[in-house]
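Trainee: Add chain D to chain W, keeping to what the hints say.
Keeping their order, the protein sequence lines are chains W and D. Sequence positions in the first sequence follow UniProt numbering and run 1 to 344. Sequence positions in the second sequence follow UniProt numbering and run 1 to 344.
The hints are simulated quantities; they were obtained by calculation from the structure and are not laboratory data. Quick reminder that beta carbons are idealized off the backbone N, C-alpha and C, glycines included. Possibly wrong hints are sitting among the right ones.
Said to hold, decoys possible - The list that follows gives simulated cross-link-like pairs (lysine-lysine, BS3-like), each with its CA atoms no further than 30 Å apart:
#1 Lys324(W) <-> Lys59(D)
#2 Lys25(D) <-> Lys190(W)
#3 Lys52(D) <-> Lys317(D)
Stated by the list, open to error - For each label pair, taking beta carbons as the anchor points, the in silico distance ranges come out as:
#4 Asn289(W) <-> Asn40(D): 52 to 58 Å
#5 Asn249(D) <-> Gly81(W): 48 to 54 Å
#6 Lys339(W) <-> Tyr186(D): 28 to 34 Å
#7 Asn142(D) <-> Asn289(W): 46 to 52 Å
To be verified - Example chain D residues on the side facing chain W (calculated, C-beta under 10 Å, incomplete):
#8 Leu27
#9 Arg77
#10 Asn137
There are 2 protein chains.
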Amino acid sequence: MKFSILFGGKSFEHEISIVSAIALKKLLANTDIFIFLDDNHEFYLIKKENMKSVFFSSKSYLKEPKIYPKKNGFFTRTLFGEKQIQIPTIINLIHGGDGEDGAIASLLDFYEIPYIGPRKEACILSYDKELTKMLANHRGVNVLDYQVVFQDSKIEVENFPVIIKPARLGSSLGISIVKNKEELEYSLDKAFEYDKKVIIESFIPNIKEYNLAGFFANKELHFSFVEEPKKDEFLDFNKKYLDFSRTTNTQQADITTEVENMLKDNFSKIYTNLFEGAVIRCDFFIHNNTCYLNEINPIPGSLANYLFADFPTTLNKISTSLPKPNNIKATYKFLNEIKVAKGK
Amino acid sequence: MKFSILFGGKSFEHEISIVSAIALKKLLANTDIFIFLDDNHEFYLIKKENMKSVFFSSKSYLKEPKIYPKKNGFFTRTLFGEKQIQIPTIINLIHGGDGEDGAIASLLDFYEIPYIGPRKEACILSYDKELTKMLANHRGVNVLDYQVVFQDSKIEVENFPVIIKPARLGSSLGISIVKNKEELEYSLDKAFEYDKKVIIESFIPNIKEYNLAGFFANKELHFSFVEEPKKDEFLDFNKKYLDFSRTTNTQQADITTEVENMLKDNFSKIYTNLFEGAVIRCDFFIHNNTCYLNEINPIPGSLANYLFADFPTTLNKISTSLPKPNNIKATYKFLNEIKVAKGK
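Isolated chain W (complex conformation) (with noise of 0.2 Å):
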């Protein structure tokens, strides 16, 4: 099957995001639709020949035919008129803001693009971690201690180390350990630059991390591997473009069938009535025996690929099982009743 990526965003995460569409353009030969969107909220139809990094850092993707969404489908204009693009099913790439924050899911809804990607609801709670941690209490899954601070908040912190996030970003940007009373101030200061609300967690040194994938299609949920990722270069630079770009499988950590179940089962929990249609990353941590979700990737960096035995299969499948949009039409009985009721 032929898919369209559609990545970039209005987001801290936009280069990110391109970095993501070049690593699935290597992994998915026969894509050849490429969909930006530019920091000013404008489609772009990108050759595949021009998928590099330095044609949107230099701005040559400005020249490109712009595009805009419709009705069933994404359209151009021509000198009298407008032309329909033909594109496949769309892989919704954008991470951070747009992508994950419900703005594109309701745009491609509204206009019944079909789309591979979470639905606004699901975006709407696993891209705020404050809406994440009150989905997981509400679903029985285990977070571990946080609290939810503005910038105007009186910030008491008893106990350290803690992590302080930005609370409504994908990345790592904005996130910091922090040790003691003295480094809390520039970690807040340093937070409350991409975001307004933060969240201060207890941090765990050398807790056990596990992330899974997953998907529903054909009526069941389908797992990947659990990798237990790497975690010497935590936060770094090189480690984040490594993360989105990466494109060569992993390997099942080495955890009992004790450990993986408990996983599964707080997947299951998690993507139930709310992830279908998307292929779904969820980081767990395992301490003292229970399991704590730690976040929810609603769009991975290059779509988790490197967790699935095979790719391009997953997106098959998960293409086949896209929720279908309402069909709800105006009958009018109610006006016409009033009508009546009134005409008496």
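Mentor: Chain D alone, transformed into the frame defined by chain W:
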């Protein structure tokens, strides 16, 4: 100030939104821009003199000019291009799907078109009654006991009466009060006609109910009168019509200052850091001196105008305090650093 009224939508509340828009036309004398979203997701510009229910039920609107949203406004086609329609701040008056589920909020925010109404996060958390309960619980606001069921759920109800509600519907459609086991199946079937997710909630006969509306402007919350709604016509067809077409002011309910403060305190817990930009109405129960949230109306019928002493001033106030969209620009700093790193 002048406003534009956006109404209609692809939803079960399509017709109620028309009733609501006609009510606001009467109240806002100098409003002359009406934008109708039909059940095919097309926008039409409706003349003020055509704002009558029969104009829509007879499908006469189809002859009016089609318009469409893009960056910074609504546009219409001309012979060789397009022209922008000058529209003042929009009031999102699409009840139910599209309006209250986050679709329209996302669309308007994406295209940077100013509007009064809940933002997408607020929509998602108030449109689905399960998520509303989850939010209330997270923010320390009580709700009555409930369970969430799906069509294939094993459903067990021990204590009657209960009230059955489709999870994602803004008006009284599909709702029934169930007194015993025998009535349960029929009522559930009725609710499942509207949504695959249904809420079964405790029903306390003759419980005290109070409605309170409010909005945030000029750095503080502004509250409406508190109303004790008449309940004898509950779920009745005419009641719904009367509710959405109300334009006459109500009187403050006969309550103590203590109860009033309890309602305002709970309203504030729900509204703050979520509903900014919107005039919402919260419906509360008071039972054994405890306040329970019944539901949030993020776009109440005719915008709950009848609860405000001076409704036009309310709209003027809120329109000067609308949330601003982010203004993130791509710097390509990251991609340039990668290029340098790779060149090493």
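Trainee: Among the hints numbered above, which are violated by the structure, and what are their numbers in rising order?
Mentor: Hints 2, 7, 8 contradicted; others consistent.
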